[in-house]
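Asks: Below are the chains, spelled out letter by letter.
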Amino acid sequence: MFTMRLSELPRPSPERLLKQVQAEESKRWGAKLKIFLGYAPGVGKSYRMLDEARRRHERGEDVVVGAVQGQQSEDVQALLRKLELIPQLQTPEGQATDLDAILRRAPQVCVIDPLAAQNPPGSRHAHRWQDVQELLHNGISVLSSVNLLHVEEYKEKVQAITGKNTTETIPKSFLLAADDIVIVDVPPDLCLWRQGEKLTSTGISNSQERQLSELRELALLLTAEVVDAQLESYVHAHGIEPVFGTHERFLVCMTPHSNAPAMIESGERNKERFQGDLYAVYVCEPGRSKRERVTIRRYFDAAKKAGASTEVLESNDPISAIVEFAREKRITQIFIGHSAHNTWRDRVFGDPVLRLIRAAEGIDVRVFPH
Amino acid sequence: MGYAAGVGKTFQMLADGGAAAQRGVDVVIAYFQPHARPDTIEQSQGLEIVPHRKIEYRDKTFEEMDTGAVLERKPSVALVDELAHTNIPGSERTKRWEDVQLLLDAGIEVWTTMNVQHIESLNDQIWQITGIQVRETVPDGIVRQAAEIVAVDVTPDALLNRLKRGAVYKPEMVEKALNGFFKGSNLGALRELTLRQAAHEVDLRQSAYDETRAFQVPRISEVRPGGVADNQPKERILIHITADPSTAMLIRRGRRVADYLHADCIALFVHRTAQLSELPAQERAAVERHLRFARSLQIGTQVVGGTDVSKTVVEFARRNEVTQIFVAHSELPLLDRLRGRNFTENIVRQAQDLQVTVVADRSRRQVS
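These protein sequence lines are chains A and B, in that order.
If you read the first sequence in this note's numbering, its first letter stands for residue 1, the second for the next number, and so on.
If you read the second sequence in this note's numbering, its first letter stands for residue 1, the second for the next number, and so on.
Simulated from the structure, these hints should not be mistaken for laboratory data.
Heads up, some of the hints might be wrong.
[Stated by the list, open to error] Calculated cross-link-like contacts (lysine to aspartate or glutamate; reagent style EDC-like; alpha-carbon spacing at most 16 Å):
1. Lys164(A) <-> Glu152(A)
2. Lys183(B) <-> Glu265(A)
3. Lys34(A) <-> Asp157(B)
4. Lys32(A) <-> Asp157(B)
5. Lys234(B) <-> Glu152(A)
6. Lys74(B) <-> Glu42(B)
[As the list claims (entries may be wrong)] Residues of chain B placed beyond 12 Å of chain A at every Cβ, according to the derived structure:
7. Ser207
8. Arg272
9. Phe293
Don't be surprised by glycine CBs; every beta carbon is placed ideally from N, CA and C.
All chains, please: the whole structure from these sequences, using the hints.
Replies: Written as C-alpha cells, this is what we have:
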C-alpha cells in the first residue's frame, strides 16, 4: 500500500513526483482528491468545499458527506441540508468516519472534513487522512479542507506567529500528491469578522491582522509550490518544453578566482526576497592547484549554508555546461563574477563572462565585480 | 486578482459586495459586464446599479462606467469590474483605472477585478510563459496602492470544465481560448504567477500594518518598498534607456527587481549633448516614450550629455552610488563586436567595480 512518510523530501524531483502520482492514480480508478487550503479558521474553506459539493450534486454527480466540522455557520448548515449525510460513528472518545457505511453506499464523491483530524482510539486508522486514502483506493473521490496550522512542516512557523499549537497534522507530501489544491483567500479583516470579532470603527487590532497576513503569505506560497510541482510533472508527462519564469531561480557560478562569497550572499538575499530557489555550480576543470580546490570546497560549504542546491559539472566547455544546466533547472538569473585571473583559454576564446552573456539567451546574467 | 477569464473574480466581488450591503454598507455596482454569466448576474441581484454610460462608436453602442454619475451618487463602496479595460474612443479617459483613480480621490472605496497578466511589469514574463503579448496593462503603482489584494483561485481543470460548458465564453470563442491562454501548461503557469504575486503583495502590505490603522487605504508613498526593517545597505538600480524597443522590457524588469529587493530605481539616457531636441525625430520620440514609461512606473529619469556612452553611464553610476546597472543585451554583427562596438560588453568591461545585469530578451521563447 502507498504510504506517506514525514521523512520525504519537501521537494521531490519531478520524475519522482510524476511516478508517485501515477502510481497513486493507477490504484484509484480515477478517484481524485481535492483539498481546500486556508490560512486560518474563518476564511470560508468549508463553505467553498460544500458549495462545490452542492454544484456537483446539482450537475448529477453522486455526492455524500462523510464527515464535517463540529461548529458550522448558518451558510454552511444551509448547504449541508441540500446534501446526503452519512452519520459519523459515535464512540465514547469522539466521532469517527463510518468508512464501512460509505464504502457500502459507494458514492462518486465524498466530503471528508477536516483532513487533519485524528480518529478516536480503536478506529481502523489513526488519522483521518488515512481514511481518505482508503476511500480513494476504492474509487471514491474526496473533497476535503485543511488549515495551514495543520500541515506538519508549517506547524512550527504558525506556532511562532500565533502561539497556537496542534497535534493533528498531515504531511506536506500529502498536499503535493493531491490531484487538486485550491487556496481560499480572503483579506484578514474579513477572516477575523467571520471568526466572530466585531468590526468597529477603530478596526480590529493591527497585531492580529498582521499575524493573519503572515499566515496568508505562507499559505499562498505553499499553494504556489504545489502548483509548480504539478506544472513540472505536467511538463514531464507531456514531453513539452519547460515553462520559464513563473518563479525566480538563481544560479551562482563559482570559480576559485571570482568573488563567490559576494555572489552567494547576494543569491541568498535574492532567494529570500523573491521566495525563489538558489543553485550554485562549479565546472570541474583539470589542472586545478590544491589551493584552488580548497577554496572551491570552502565556497561549496558557504553555498550550502545559504540554502543553495549545489552541483559539480564536468565539462571541457564550462560556458555550455552552465547554460545547459541553467536551461534544465529553468534558471531566470545567472550570477557570474569577473575573474582576477586570466587563463590561456580566455585569451584564445575571449572573456568567459562575455561569452556567457552571448550564450545565455532568455536568461538574465548578473556580472559581479571581483 | 485571478489568472484567466472565468476563475470567478467578478462573482466573488459581487458576492462580497452583497454581503457588505447586508451588513449595512452603502455599496453600488458602478460597472460590470452586461453579458456576464448567469451565476454572476444572480449575485448582482439586490445590489444597486449605477446605469452605464452609452457611447456610440462606429455605429455601435458601447457601455462604459458613468464615472460622473458614480461620483454624484457617492457610495461608500463602488464595485468596478475589469480594472485593465481600455475605454472606447470618445470616453473622457483612456483607461478604466484612470476613472477608478477619480473615484478614489473622491473618497469612494473601490473593489475591482483584474488578472495577473495585466500587471505592467509582468508583461515580458507573461509573453515568455504563454507566447502571448498582453496589450491591456495596469501600471504597478496603481495595483500597489490597493489596500488589499485577494487571490481568486480555482484549479485549471475546473476552469477548463467551465469553459467547455460554455460558462465563460460564447461557443465561437471557446476554440480560440483553448488554443491561446487556456492552452496546455499556460493555466498552471499563470496560476502559479498569480499566487506568487498575491504573496508578494501581501508581504509588501505587512509593513503598512505596523504604521497605519486597519482599513485606512495606504497611499503609494506609504507602502513603497523599503519600509521593512533591513540591515543590508540599500540597493540602487540604474536602468539604461535607449531608443531600442528592448528598453521597455528593461524598465519593466528593473521595476520588478527593485520592488522585490526594496531598491531605489533610476533611469538614465545618455546623448552627445543633453538636448533631446538634437536627436532625429524618430529616435527622439522613442526615447521620450521610454522616459515617460519609466516615470509611469515611478522611476525617476535623467538625461545626461556624454560622447562615450558606456563611460558616461558607468561614471554616472559611480557618482550616484548605484549598486546595479541594468542593460539590454544588444545583438551586433560579429564585425562590430570585433571592433569593440558592443555597448553591453563595453559596460561590463568598464564597470568592473559594479554589478551589471544584462537583461534577457524574454519575447523570444527558449528552446531547450
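Asks: Each hint should be assessed against the structure and marked as holding or not.
Replies: Now for the hints, and whether the structure bears them out:
no.: 1; hint: Lys164(A) <-> Glu152(A); in the structure: holds (13 Å)
no.: 2; hint: Lys183(B) <-> Glu265(A); in the structure: violated (39 Å)
no.: 3; hint: Lys34(A) <-> Asp157(B); in the structure: holds (11 Å)
no.: 4; hint: Lys32(A) <-> Asp157(B); in the structure: holds (12 Å)
no.: 5; hint: Lys234(B) <-> Glu152(A); in the structure: violated (36 Å)
no.: 6; hint: Lys74(B) <-> Glu42(B); in the structure: violated (24 Å)
no.: 7; hint: Ser207; in the structure: violated (9 Å)
no.: 8; hint: Arg272; in the structure: holds (26 Å)
no.: 9; hint: Phe293; in the structure: holds (20 Å)
Going down the numbered hints, you'll see the structure goes against 2, 5, 6 and 7, while the others check out.
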